[in-house]
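The whole structure should be built from the sequences, with the hints applied where relevant.
Number of protein chains: 4
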Amino acid sequence: MTEPKPGLYVEEPVSKSTRMATPVKRIIAFVRTKYQEAVVAEFEEFGLSLILDGYTQSTELDEFIYHEALVHPAMITHERPERVLVVGGGEGATLREVLKHNTVREAVMVDIDGEVVELCKRHLAVIHQGSFSDPRARLVIMDGKDYIEKSESGAFDVIVLDLTDPYSSEVARELYTAEFYRSVYRVLSERGVVVTQAGSSFFYGDVYDWVLNNVKLVFPIVREYSIWVPSFGYACNFIVGSKGRDPAALSIEDVEKAIDSRGLRGKLKLYSGRVHAALMLMPVLRKP
Amino acid sequence: MTEPKPGLYVEEPVSKSTRMATPVKRIIAFVRTKYQEAVVAEFEEFGLSLILDGYTQSTELDEFIYHEALVHPAMITHERPERVLVVGGGEGATLREVLKHNTVREAVMVDIDGEVVELCKRHLAVIHQGSFSDPRARLVIMDGKDYIEKSESGAFDVIVLDLTDPYSSEVARELYTAEFYRSVYRVLSERGVVVTQAGSSFFYGDVYDWVLNNVKLVFPIVREYSIWVPSFGYACNFIVGSKGRDPAALSIEDVEKAIDSRGLRGKLKLYSGRVHAALMLMPVLRKP
Amino acid sequence: MTEPKPGLYVEEPVSKSTRMATPVKRIIAFVRTKYQEAVVAEFEEFGLSLILDGYTQSTELDEFIYHEALVHPAMITHERPERVLVVGGGEGATLREVLKHNTVREAVMVDIDGEVVELCKRHLAVIHQGSFSDPRARLVIMDGKDYIEKSESGAFDVIVLDLTDPYSSEVARELYTAEFYRSVYRVLSERGVVVTQAGSSFFYGDVYDWVLNNVKLVFPIVREYSIWVPSFGYACNFIVGSKGRDPAALSIEDVEKAIDSRGLRGKLKLYSGRVHAALMLMPVLRKP
Amino acid sequence: MTEPKPGLYVEEPVSKSTRMATPVKRIIAFVRTKYQEAVVAEFEEFGLSLILDGYTQSTELDEFIYHEALVHPAMITHERPERVLVVGGGEGATLREVLKHNTVREAVMVDIDGEVVELCKRHLAVIHQGSFSDPRARLVIMDGKDYIEKSESGAFDVIVLDLTDPYSSEVARELYTAEFYRSVYRVLSERGVVVTQAGSSFFYGDVYDWVLNNVKLVFPIVREYSIWVPSFGYACNFIVGSKGRDPAALSIEDVEKAIDSRGLRGKLKLYSGRVHAALMLMPVLRKP
Numbered sequence: 001m002t003e004p005k006p007g008l009y010v011e012e013p014v015s016k017s018t019r020m021a022t023p024v025k026r027i028i029a030f031v032r033t034k035y036q037e038a039v040v041a042e043f044e045e046f047g048l049s050l051i052l053d054g055y056t057q058s059t060e061l062d063e064f065i066y067h068e069a070l071v072h073p074a075m076i077t078h079e080r081p082e083r084v085l086v087v088g089g090g091e092g093a094t095l096r097e098v099l100k101h102n103t104v105r106e107a108v109m110v111d112i113d114g115e116v117v118e119l120c121k122r123h124l125a126v127i128h129q130g131s132f133s134d135p136r137a138r139l140v141i142m143d144g145k146d147y148i149e150k151s152e153s154g155a156f157d158v159i160v161l162d163l164t165d166p167y168s169s170e171v172a173r174e175l176y177t178a179e180f181y182r183s184v185y186r187v188l189s190e191r192g193v194v195v196t197q198a199g200s201s202f203f204y205g206d207v208y209d210w211v212l213n214n215v216k217l218v219f220p221i222v223r224e225y226s227i228w229v230p231s232f233g234y235a236c237n238f239i240v241g242s243k244g245r246d247p248a249a250l251s252i253e254d255v256e257k258a259i260d261s262r263g264l265r266g267k268l269k270l271y272s273g274r275v276h277a278a279l280m281l282m283p284v285l286r287k288p
Numbered sequence: 001m002t003e004p005k006p007g008l009y010v011e012e013p014v015s016k017s018t019r020m021a022t023p024v025k026r027i028i029a030f031v032r033t034k035y036q037e038a039v040v041a042e043f044e045e046f047g048l049s050l051i052l053d054g055y056t057q058s059t060e061l062d063e064f065i066y067h068e069a070l071v072h073p074a075m076i077t078h079e080r081p082e083r084v085l086v087v088g089g090g091e092g093a094t095l096r097e098v099l100k101h102n103t104v105r106e107a108v109m110v111d112i113d114g115e116v117v118e119l120c121k122r123h124l125a126v127i128h129q130g131s132f133s134d135p136r137a138r139l140v141i142m143d144g145k146d147y148i149e150k151s152e153s154g155a156f157d158v159i160v161l162d163l164t165d166p167y168s169s170e171v172a173r174e175l176y177t178a179e180f181y182r183s184v185y186r187v188l189s190e191r192g193v194v195v196t197q198a199g200s201s202f203f204y205g206d207v208y209d210w211v212l213n214n215v216k217l218v219f220p221i222v223r224e225y226s227i228w229v230p231s232f233g234y235a236c237n238f239i240v241g242s243k244g245r246d247p248a249a250l251s252i253e254d255v256e257k258a259i260d261s262r263g264l265r266g267k268l269k270l271y272s273g274r275v276h277a278a279l280m281l282m283p284v285l286r287k288p
Numbered sequence: 001m002t003e004p005k006p007g008l009y010v011e012e013p014v015s016k017s018t019r020m021a022t023p024v025k026r027i028i029a030f031v032r033t034k035y036q037e038a039v040v041a042e043f044e045e046f047g048l049s050l051i052l053d054g055y056t057q058s059t060e061l062d063e064f065i066y067h068e069a070l071v072h073p074a075m076i077t078h079e080r081p082e083r084v085l086v087v088g089g090g091e092g093a094t095l096r097e098v099l100k101h102n103t104v105r106e107a108v109m110v111d112i113d114g115e116v117v118e119l120c121k122r123h124l125a126v127i128h129q130g131s132f133s134d135p136r137a138r139l140v141i142m143d144g145k146d147y148i149e150k151s152e153s154g155a156f157d158v159i160v161l162d163l164t165d166p167y168s169s170e171v172a173r174e175l176y177t178a179e180f181y182r183s184v185y186r187v188l189s190e191r192g193v194v195v196t197q198a199g200s201s202f203f204y205g206d207v208y209d210w211v212l213n214n215v216k217l218v219f220p221i222v223r224e225y226s227i228w229v230p231s232f233g234y235a236c237n238f239i240v241g242s243k244g245r246d247p248a249a250l251s252i253e254d255v256e257k258a259i260d261s262r263g264l265r266g267k268l269k270l271y272s273g274r275v276h277a278a279l280m281l282m283p284v285l286r287k288p
Numbered sequence: 001m002t003e004p005k006p007g008l009y010v011e012e013p014v015s016k017s018t019r020m021a022t023p024v025k026r027i028i029a030f031v032r033t034k035y036q037e038a039v040v041a042e043f044e045e046f047g048l049s050l051i052l053d054g055y056t057q058s059t060e061l062d063e064f065i066y067h068e069a070l071v072h073p074a075m076i077t078h079e080r081p082e083r084v085l086v087v088g089g090g091e092g093a094t095l096r097e098v099l100k101h102n103t104v105r106e107a108v109m110v111d112i113d114g115e116v117v118e119l120c121k122r123h124l125a126v127i128h129q130g131s132f133s134d135p136r137a138r139l140v141i142m143d144g145k146d147y148i149e150k151s152e153s154g155a156f157d158v159i160v161l162d163l164t165d166p167y168s169s170e171v172a173r174e175l176y177t178a179e180f181y182r183s184v185y186r187v188l189s190e191r192g193v194v195v196t197q198a199g200s201s202f203f204y205g206d207v208y209d210w211v212l213n214n215v216k217l218v219f220p221i222v223r224e225y226s227i228w229v230p231s232f233g234y235a236c237n238f239i240v241g242s243k244g245r246d247p248a249a250l251s252i253e254d255v256e257k258a259i260d261s262r263g264l265r266g267k268l269k270l271y272s273g274r275v276h277a278a279l280m281l282m283p284v285l286r287k288p
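Protein chains in written order, with this note's numbering: chain E, 1 to 288; chain P, 1 to 288; chain Z, 1 to 288; chain S, 1 to 288.
If you are wondering where the hints come from, they were derived from the structure by calculation, not from laboratory data. Among the hints, a few may not be true.
One copy or two, it doesn't matter: identical chains are merged, so the pair holds either way.
Unchecked claim - DSSO-like mimics (lysine-lysine), calculated; alpha carbons at most 27 angstroms apart, straight line:
| no. | residue 1 | residue 2 |
| --- | --- | --- |
| 1 | K121 | K25 |
| 2 | K257 | K34 |
| 3 | K25 | K5 |
| 4 | K34 | K287 |
| 5 | K269 | K121 |
| 6 | K269 | K257 |
| 7 | K150 | K243 |
| 8 | K150 | K34 |
| 9 | K5 | K287 |
| 10 | K100 | K25 |
| 11 | K287 | K25 |
| 12 | K34 | K269 |
| 13 | K5 | K34 |
| 14 | K100 | K16 |
| 15 | K150 | K287 |
| 16 | K267 | K100 |
| 17 | K216 | K267 |
| 18 | K267 | K287 |
| 19 | K287 | K100 |
| 20 | K16 | K269 |
| 21 | K216 | K269 |
Structure (structure tokens):
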């Protein structure tokens with residue numbers, strides 16, 4: 001008989017029926033903000049982590065997988081992203097990946113929850129790595145939907161939607177609707193690209209289909225891909241909508257060239273031409 | 001299918017094989033002190049709680065059961081406890097119960113972990129209820145064993161040992177030995193009484209027997225009793241050693257009279273003459 | 001880091017928020033009967049166990065606590081129980097305890113779920129210990145409520161209601177109503193005694209109060225008591241209704257004498273005069 | 001507050017620190033064989049499942065992902081697999097996938113644990129789909145290592161190693177050594193191909209590297225790939241060793257042509273030319 005290790009755990013659903021339990025080594029901060037319950041914790045195996053409403057958002061160990069897979073396919077799909085908008089992404093890692101592209105002149109990050117952003121700024125430097133202080137970065141605390149509605153047409157080349165799951169919380173639901181994507185379309189420049197994380201197509205196929213369809217109602221080119229994120233326990237899906245290039249049309253060489261020209265070489269842990277090609281080739285998993 | 005509630009839980013062993021999981025509503029404080037990991041949390045059902053090294057010590061909802069059962073049988077057994085020593089009991093509730101006896105002129109509380117005491121002082125007023133500020137109370141941060149060894153013979157009428165379990169952590173192991181009880185005996189006054197919590201006689205019979213035997217090696221009168229503590233998931237055992245009166249010899253009326261004369265009437269949630277009698281009558285539970 | 005032991009566990013609520021997990025060493029049988037899901041399992045620490053709808057009913061290690069506490073106070077309260085009715089109690093242990101009283105000439109056990117009884121007969125001999133084969137025992141598979149309604153007035157001296165909790169399943173809810181207790185009253189002989197298990201007065205005070213009140217509406221003498229059952233993780237409550245003697249009026253000596261005259265001496269692991277007295281003295285625990 | 005669903009769960013490690021809990025709807029069979037504890041259960045969401053020593057091996061819902069990813073890349077890599085050996089794979093699904101290739105004239109499945117195979121034959125028809133009855137299939141109950149050592153040189157075109165993880169149990173450890181792979185090499189025909197599942201390269205990098213290196217010590221061409229298996233909670237890795245063609249050199253069209261010529265069209269839920277290409281392109285995930 002093994003005596004179970006006593007102490008704190010984060011328990012979170014992986015699917016409608018399964019749950020994952022992760023032992024907590026240390027609680028760094030616990031805040032109930034206006035919008036959600038935010039915890040910064042150190043996990044035994046995954047290191048520093050941000051947990052919102054009980055769902056792990058990012059961990060020191062594996063956030064590179066999620067954030068590189070979220071940001072770079074869309075950024076590379078645009079020929080020359082200069083103005084980029086990040087909605088959500090409180091931990092600053094999405095911003096960090098965006099800023100790695102030397103074409104970027106301005107990266108606006110809009111997050112509804114200023115308390116979460118402050119929490120991450122203070123405690124998760126290992127994750128944001130100073131991205132908030134980049135002179136090209138601008139942080140706006142407001143509802144992403146409002147921000148986009150108030151933005152000028154064509155204001156951004158790439159928009160990255162780094163939101164909580166459409167099924168796990170109420171906070172972000174409206175940012176997955178067709179109506180919202182129409183606003184996004186308007187605010188994107190002529191050959192603009194949007195990407196959103198989209199939860200699990202396998203476990204929550206209905207919601208995923210609804211999101212996918214909403215993007216398809218608005219964008220001429222839509223691609224989907226997924227990658228397993230260890231601390232989530234599942235493969236996370238992403239959907240790209242493009243007004244210009246087709247991300248699936250980029251060759252391995254196209255991507256590798258862009259990695260060089262954008263100054264990304266040596267700064268990536270996962271993303272590459274091969275990874276881009278594999279993500280575009282691999283069908284997303286569905287319940288049969 | 002029920003989606004499990006995502007978020008923080010405290011998981012702790014109830015026995016060598018079973019474990020209990022308690023959902024956390026809020027983390028108030030998390031400290032790794034010199035001696036242990038201390039968490040002040042709000043539980044869904046049990047309210048504010050102190051958790052040391054992953055083991056729940058006290059919760060707002062049910063700490064009265066543990067603390068009244070720990071303190072009053074020993075206090076009532078002594079004819080007139082004036083000087084009382086509490087070892088451990090960082091949350092201040094043992095001290096609080098001791099101070100309810102109007103015979104008490106001085107109550108010294110010795111805890112090895114000043115950081116835990118500070119944590120409780122600040123965050124668990126609902127539990128200590130100001131006991132630390134009572135003019136009769138004196139707090140000493142030092143090893144209880146050292147304190148007792150340095151105390152004069154006969155210095156205390158009652159000693160209450162409110163320690164972590166002898167099997168769940170290393171911190172307190174030495175305070176369950178026969179050698180330690182000999183020091184306790186010396187420091188108690190002529191008709192002095194000691195009580196210690198002693199974990200679970202059912203699940204950890206070997207360790208419990210060792211502790212019980214150690215008390216019996218030193219004290220002429222030894223009684224054992226137990227009461228279920230909801231947030232522990234098990235019946236907690238207590239052992240009284242007495243140089244004077246036998247706690248099992250007190251009648252319901254004796255106890256009720258003392259409750260009046262000591263000014264306890266109206267201040268107790270559990271303890272009474274009937275409870276005292278029942279605790280003394282009921283054999284502690286053992287694996288057959 | 002400890003790798004958690006992989007395999008099967010029984011998870012069950014201890015309260016509205018806490019749950020207990022118990023590792024399973026072996027599944028002996030799994031049956032979905034007409035009424036419930038029944039599992040016979042071997043637990044790591046508790047041995048052979050019956051689990052109904054996910055709730056542990058009895059384990060080899062500690063069932064003596066529950067069954068002796070359920071049966072003997074009521075049986076001893078009656079001056080000479082000859083005809084006894086057990087409702088529920090599929091594992092045969094309640095029947096076993098009833099049959100230990102040499103006054104008993106007939107013990108009828110009525111259980112609604114014949115499949116569960118068969119399961120226990122075959123796999124839980126270590127628990128029923130042959131009680132079903134006692135010539136004084138008679139097993140009836142039918143709804144306990146119907147059986148009682150169809151029984152003659154005054155047919156039984158003692159009725160033992162060994163049912164699933166009033167709050168954990170629908171199966172038994174009707175057997176906790178005042179209407180049902182009126183039927184029980186009618187079927188009891190002149191100085192008849194009924195006892196029912198009643199779940200947790202601490203965690204489910206509302207339901208418990210409803211049950212207690214229902215018994216009080218019907219019986220002139222009502223007593224309540226509780227005892228911690230290790231495999232439940234909580235103190236289980238019992239309520240006695242009596243038309244004759246008051247169980248709380250029996251002295252330790254009364255009980256000890258009956259233990260001798262009934263032939264119980266040497267056959268009990270827990271129950272005694274002291275235990276009876278303690279159970280009657282100790283108030284049941286409630287949330288403050 | 002949500003009352004957690006009471007009942008049986010399978011808890012299993014996903015990594016060294018995290019664990020996943022899956023609710024069990026029904027236990028179909030529980031056997032402690034000579035080699036391991038085998039459970040056939042119905043999961044709430046995943047359907048019928050085989051669990052060995054507490055680790056989920058296959059579930060009705062998602063076994064196609066694991067088994068198609070295990071079998072087809074290796075089978076397609078060989079120009080014309082006629083004689084195929086499966087080692088392990090008690091549930092018969094690996095055999096099922098192998099037999100889908102119309103080139104196969106004989107498929108030998110060697111499993112050490114005849115009781116597990118019998119269990120699967122009887123209870124998991126939904127998984128094996130009759131593969132054991134295919135006239136080309138032959139089942140041998142013996143140690144895979146011994147079988148291979150006693151086989152003639154060049155006896156098989158493809159060998160599929162469908163074993164329990166190298167780190168989760170002792171049963172299979174020897175079938176991941178360089179010595180074993182040398183035997184495999186000898187038994188493979190001139191352009192033979194071997195594939196083994198290899199657990200998680202992310203969570204158990206050390207063991208994975210050891211296995212990968214062992215294959216590389218023996219085979220001239222070695223490729224690795226991985227795919228997320230929902231019921232495992234992680235991406236499962238596979239390693240191919242080839243004496244002939246390089247699986248990474250096959251184009252999408254090559255694979256699609258083979259799917260047609262082998263009679264696989266319409267019989268696959270996941271595998272395709274795109275999937276093959278994606279698996280070969282995507283680097284396996286490692287802790288940074």
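Now for the hints, and whether the structure bears them out:
1. Taking CA atoms no more than 27 angstroms apart as the test, K121 paired with K25 passes in both settings, with 21 angstroms inside one copy and 24 angstroms between copies.
2. Taking identical chains as interchangeable, the C-alpha atoms of K257 and K34 are never at most 27 angstroms apart, the minima being 44 angstroms within one chain and 54 angstroms between chains.
3. Proximity of K25 to K5 under the C-alpha cut-off of 27 angstroms is found in both arrangements, the shortest distances being 11 angstroms within a copy and 20 angstroms between copies.
4. With identical chains, the CA atoms of K34 and K287 are never at most 27 angstroms apart, being 36 angstroms at best within one copy and 32 angstroms at best between copies.
5. Within a single copy, K269 and K121 get their C-alpha atoms as close as 22 angstroms, which meets the 27 angstroms cut-off; across copies the closest is 45 angstroms, which misses it.
6. Taking the shortest Cα distances, K269 and K257 sit within 27 angstroms of each other inside one copy (17 angstroms), while across copies they are farther apart (35 angstroms).
7. For the homomeric pair K150 and K243, the shortest alpha-carbon distance inside one copy (21 angstroms) is at most 27 angstroms, but the shortest distance between copies (62 angstroms) is not.
8. In this assembly of identical chains, K150 and K34 lie within 27 angstroms of each other by CA distance solely inside one copy; the values are 23 angstroms within and 53 angstroms between copies.
9. Taking CA atoms no more than 27 angstroms apart as the test, K5 paired with K287 passes between copies only; the shortest distance there is 24 angstroms, against 35 angstroms inside one copy.
10. Proximity of K100 and K25 under a CA criterion of 27 angstroms is satisfied in neither setting, with 32 angstroms inside one chain copy and 39 angstroms between copies.
11. Taking the shortest alpha-carbon separations for K287 and K25, only the inter-copy value of 19 angstroms comes in at or below 27 angstroms, while the best intra-copy value is 35 angstroms.
12. When the C-alpha separation of K34 and K269 is checked against a cutoff of 27 angstroms, the pair qualifies neither within a copy, at 35 angstroms, nor between copies, at 38 angstroms.
13. Within a single copy, K5 and K34 get their C-alpha atoms only as close as 33 angstroms, which misses the 27 angstroms cut-off; across copies the closest is 20 angstroms, which meets it.
14. Taking identical chains as interchangeable, the C-alpha atoms of K100 and K16 are never at most 27 angstroms apart, the minima being 37 angstroms within one chain and 33 angstroms between chains.
15. With identical chains, the CA atoms of K150 and K287 are never at most 27 angstroms apart, being 39 angstroms at best within one copy and 42 angstroms at best between copies.
16. In this assembly of identical chains, K267 and K100 lie within 27 angstroms of each other by CA distance solely inside one copy; the values are 8 angstroms within and 44 angstroms between copies.
17. Proximity of K216 and K267 under a CA criterion of 27 angstroms is satisfied in neither setting, with 32 angstroms inside one chain copy and 29 angstroms between copies.
18. Within a single copy, K267 and K287 get their C-alpha atoms only as close as 36 angstroms, which misses the 27 angstroms cut-off; across copies the closest is 16 angstroms, which meets it.
19. Taking the shortest alpha-carbon separations for K287 and K100, only the inter-copy value of 22 angstroms comes in at or below 27 angstroms, while the best intra-copy value is 36 angstroms.
20. For the homomeric pair K16 and K269, the shortest alpha-carbon distance between copies (23 angstroms) is at most 27 angstroms, but the shortest distance inside one copy (32 angstroms) is not.
21. Within a single copy, K216 and K269 get their C-alpha atoms only as close as 31 angstroms, which misses the 27 angstroms cut-off; across copies the closest is 24 angstroms, which meets it.
In this structure, the earlier hints numbered 2, 4, 10, 12, 14, 15 and 17 are contradicted, and the remaining ones agree with it.
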